[in-house]
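Protein chains in written order, with the numbering used here: chain A, 1 to 144; chain B, 1001 to 1083.
Just to be clear, a hint being listed does not mean it is correct.
Think about it this way: if two alpha-carbon atoms lie no more than 20 Å apart in a straight line, the pair counts; the simulated SDA-like pairs of lysine to any residue are [to be verified]:
id, chain 1, residue 1, chain 2, residue 2
1, B, LYS1060, A, PRO54
2, B, LYS1060, A, GLY24
3, B, LYS1066, A, ASP137
4, A, LYS128, B, GLU1050
5, B, LYS1060, A, GLY27
6, A, LYS23, B, GLU1039
7, B, LYS1045, A, VAL129
8, A, LYS103, B, LEU1070
9, B, LYS1007, B, LEU1023
10, B, LYS1060, A, ASP55
11, A, LYS104, A, MET44
12, A, LYS104, B, ILE1056
13, B, LYS1045, A, ASP131
14, B, LYS1045, A, TYR75
15, A, LYS128, A, MET84
16, B, LYS1041, A, ASP131
17, A, LYS6, B, LYS1066
18, A, LYS6, B, ILE1056
19, A, LYS23, A, LEU79
20, B, LYS1060, A, LEU28
21, B, LYS1063, A, SER99
22, B, LYS1041, A, ALA130
23, A, LYS80, A, THR20
24, B, LYS1063, A, HIS7
25, B, LYS1045, A, ASP77
26, B, LYS1060, A, LEU4
27, B, LYS1063, A, THR139
Ranges between beta-carbon positions, derived for each pair [said to hold, decoys possible]:
id, chain 1, residue 1, chain 2, residue 2, range
28, A, ILE18, B, LYS1021, 40 to 48 Å
29, B, GLN1010, A, HIS7, 49 to 57 Å
30, B, GLU1057, A, ASP86, 27 to 35 Å
31, B, VAL1014, A, PHE8, 45 to 53 Å
32, B, LYS1041, A, ILE37, 26 to 34 Å
Take a look, some chain A residues computed to stay more than 10 Å from chain B by CB distance [what the hints assert, rightly or not]:
id, residue
33, MET1
34, LYS2
35, ILE3
36, ILE11
37, GLN14
38, PRO22
39, LYS32
40, ARG33
Don't read these hints as lab results, they were simulated from the structure. A virtual CB, placed ideally from N, CA and C, is assigned to each residue, including glycine.
The primary structure of each chain is shown beneath.
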Amino acid sequence: MKILSKHFGEIEIQEDHIITFPKGLIGLEDNKRYVLIEFEENSMVYWLQSIEDPDLCFIVANPYSFKSDYVLDVYEDDLKLIEMDDEKNVMVLVILNVSLETKKITANLLGPLVINTNKNLGVQAVSKVADYSTRYDITLSVGE
Amino acid sequence: MLVLSRKEEQSIIVGDNIEIKILSIKGDTVKIGITAPPELKIYRKEVFDEIQRANIEAMKSSKSIKDVILGKLGKEKEDRDNK
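Just need the whole structure built from these sequences, with the hints factored in.
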């Protein structure tokens, strides 16, 4: 199917690649269906594009690519929502942000996106690790 | 909203398995103990607000992030080419 994306105009996506967030993202509950588009090949960075609203687009990354000791500790309710049954189907992504003054890229470690890759279901969880920040400074190395 | 007055060491029961206890009151800070099933989500409201704010901001700045990342990629490529 064809969708309108924020940065690439009209793009073709496969319907079985659509990830459904039954509760949407926090503060953006109305939009539930997204697709992941690789930023660069093997970069561990992706676009998370809403298929319902072209303007709704994030850049997300695998947290382990810059913080190898990242701990995913979330509530069971969130895992139930995405019907998580097997650890090997878990994909964890965090939303990137940028500080306009310093041009530094930060990652939201407090609200990770947890995806069940087997069922294409996702949730923005709230980390139980209280000292994780929504603005964790990262030194991003992509495309390596 | 249901409003109840409680003193230190007093509790409120919610449903069948949630207990909210006032542990201490010091100055303008109330320390609360919550006993609840582990699957139940409990967090400070600020956490939720903060994630919400971060989401909206990240959505608005995806172009800037892209430019910064691509800038870095471009520079890395340049560095590699110069080697």
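Here is how each hint holds up against the structure:
A hinted pair counts as satisfied when its Cα atoms are at most 20 Å apart, and LYS1060 of chain B with PRO54 of chain A qualifies at roughly 12 Å. A threshold of 20 Å between alpha carbons decides the hint, and for LYS1060 of chain B with GLY24 of chain A the separation of about 17 Å falls inside it, so the pair holds. A C-alpha spacing of about 16 Å is found between LYS1066 of chain B and ASP137 of chain A, which places the hinted pair at or below 20 Å, so the restraint holds. Restraint check: the Cα-Cα separation between LYS128 of chain A and GLU1050 of chain B comes to about 14 Å, which is no more than 20 Å; the hinted pair holds.
A distance of roughly 14 Å separates the Cα atoms of LYS1060 of chain B and GLY27 of chain A; the hinted pair therefore holds under the 20 Å criterion. Between LYS23 of chain A and GLU1039 of chain B the CA atoms are separated by roughly 17 Å; this keeps the pair inside 20 Å, and the hint holds. Of the pairs offered as hints, the one joining LYS1045 of chain B and VAL129 of chain A holds, with about 15 Å between alpha carbons and a cut-off of 20 Å not exceeded. In summary, the hint linking LYS103 of chain A to LEU1070 of chain B is supported, as the alpha carbons are separated by about 12 Å, within the 20 Å threshold.
Under the criterion of a C-alpha separation no larger than 20 Å, the hint pairing LYS1007 of chain B with LEU1023 of chain B is consistent with the structure, at around 9 Å. A threshold of 20 Å between alpha carbons decides the hint, and for LYS1060 of chain B with ASP55 of chain A the separation of about 9 Å falls inside it, so the pair holds. Annotation: proposed proximity of LYS104 of chain A to MET44 of chain A holds, straight-line Cα distance about 18 Å (limit 20 Å). Annotation: proposed proximity of LYS104 of chain A to ILE1056 of chain B holds, straight-line Cα distance about 18 Å (limit 20 Å).
At roughly 15 Å between alpha-carbon atoms, LYS1045 of chain B and ASP131 of chain A fall within 20 Å of each other, so this suggested pair holds. For the hint pairing LYS1045 of chain B with TYR75 of chain A, the CA-to-CA distance comes to about 16 Å; that is within 20 Å, so the pair holds. For the proposed pair LYS128 of chain A and MET84 of chain A, the alpha carbon gap of about 18 Å is at most 20 Å, so the pair holds. Pair hint LYS1041 of chain B plus ASP131 of chain A holds up; C-alpha atoms about 17 Å apart against a cutoff of 20 Å.
Among the hinted pairs, LYS6 of chain A with LYS1066 of chain B is consistent with the structure: their alpha-carbon atoms are about 12 Å apart, no more than 20 Å. With a CA separation close to 15 Å, the supplied pair LYS6 of chain A and ILE1056 of chain B stays within the 20 Å bound. Distance check on the hinted pair: LYS23 of chain A and LEU79 of chain A sit about 12 Å apart at the alpha-carbon level, within 20 Å; holds. Note on LYS1060 of chain B and LEU28 of chain A: the hinted pairing holds, with a Cα-Cα distance of about 13 Å set against a maximum of 20 Å.
Between LYS1063 of chain B and SER99 of chain A, the direct Cα distance comes to roughly 12 Å. Compliance with the 20 Å bound is thereby established for this hinted pair. Distance hint between LYS1041 of chain B and ALA130 of chain A is fulfilled; the C-alpha atoms sit about 13 Å from each other, no more than 20 Å. Restraint check for LYS80 of chain A and THR20 of chain A: satisfied, since their Cα atoms lie roughly 14 Å apart, inside the 20 Å limit. Taken as a hint, the LYS1063 of chain B and HIS7 of chain A pair is honoured in the structure, with Cα atoms around 8 Å apart against an allowance of 20 Å.
A threshold of 20 Å between alpha carbons decides the hint, and for LYS1045 of chain B with ASP77 of chain A the separation of about 18 Å falls inside it, so the pair holds. Between LYS1060 of chain B and LEU4 of chain A the CA atoms are separated by roughly 17 Å; this keeps the pair inside 20 Å, and the hint holds. Annotation: proposed proximity of LYS1063 of chain B to THR139 of chain A holds, straight-line Cα distance about 18 Å (limit 20 Å). Between ILE18 of chain A and LYS1021 of chain B the Cβ separation comes to about 45 Å, which falls inside the hinted range of 40 to 48 Å.
In this structure, GLN1010 of chain B and HIS7 of chain A meet the distance hint of 49 to 57 Å, their C-beta atoms being roughly 56 Å apart. Taking 27 to 35 Å as the suggested C-beta distance range, the pair GLU1057 of chain B and ASP86 of chain A conforms, at roughly 34 Å. Look at VAL1014 of chain B against PHE8 of chain A: about 48 Å separates their beta carbons, and that is inside 45 to 53 Å. Judged by the Cβ atoms, the range 26 to 34 Å given for LYS1041 of chain B and ILE37 of chain A holds: they are separated by roughly 30 Å.
Every beta carbon of chain B lies more than 10 Å from that of MET1 of chain A, the smallest distance being close to 22 Å; the non-interface claim holds. With a least CB separation of 21 Å from chain B, LYS2 of chain A remains clear of the 10 Å interface cut-off, as annotated. Distance check on ILE3 of chain A: its Cβ is at least 16 Å (rounded) from any Cβ of chain B, clearing the 10 Å threshold; non-interface status holds. The claim that ILE11 of chain A is not at the interface with chain B holds, since no C-beta of that chain comes within 10 Å of its own (minimum 15 Å).
Annotated as non-interface, GLN14 of chain A keeps its C-beta farther than 10 Å from every C-beta of chain B; the closest such distance is 22 Å. With a cut of 10 Å on Cβ distances, PRO22 of chain A stays outside the contact zone with chain B, its closest approach being about 15 Å. No Cβ of chain B comes within 10 Å of the Cβ of LYS32 of chain A; the nearest lies about 14 Å off, and the non-interface call holds. With a cut of 10 Å on Cβ distances, ARG33 of chain A stays outside the contact zone with chain B, its closest approach being about 16 Å.
Consistency with the previously given hints is maintained throughout, with no hint failing.
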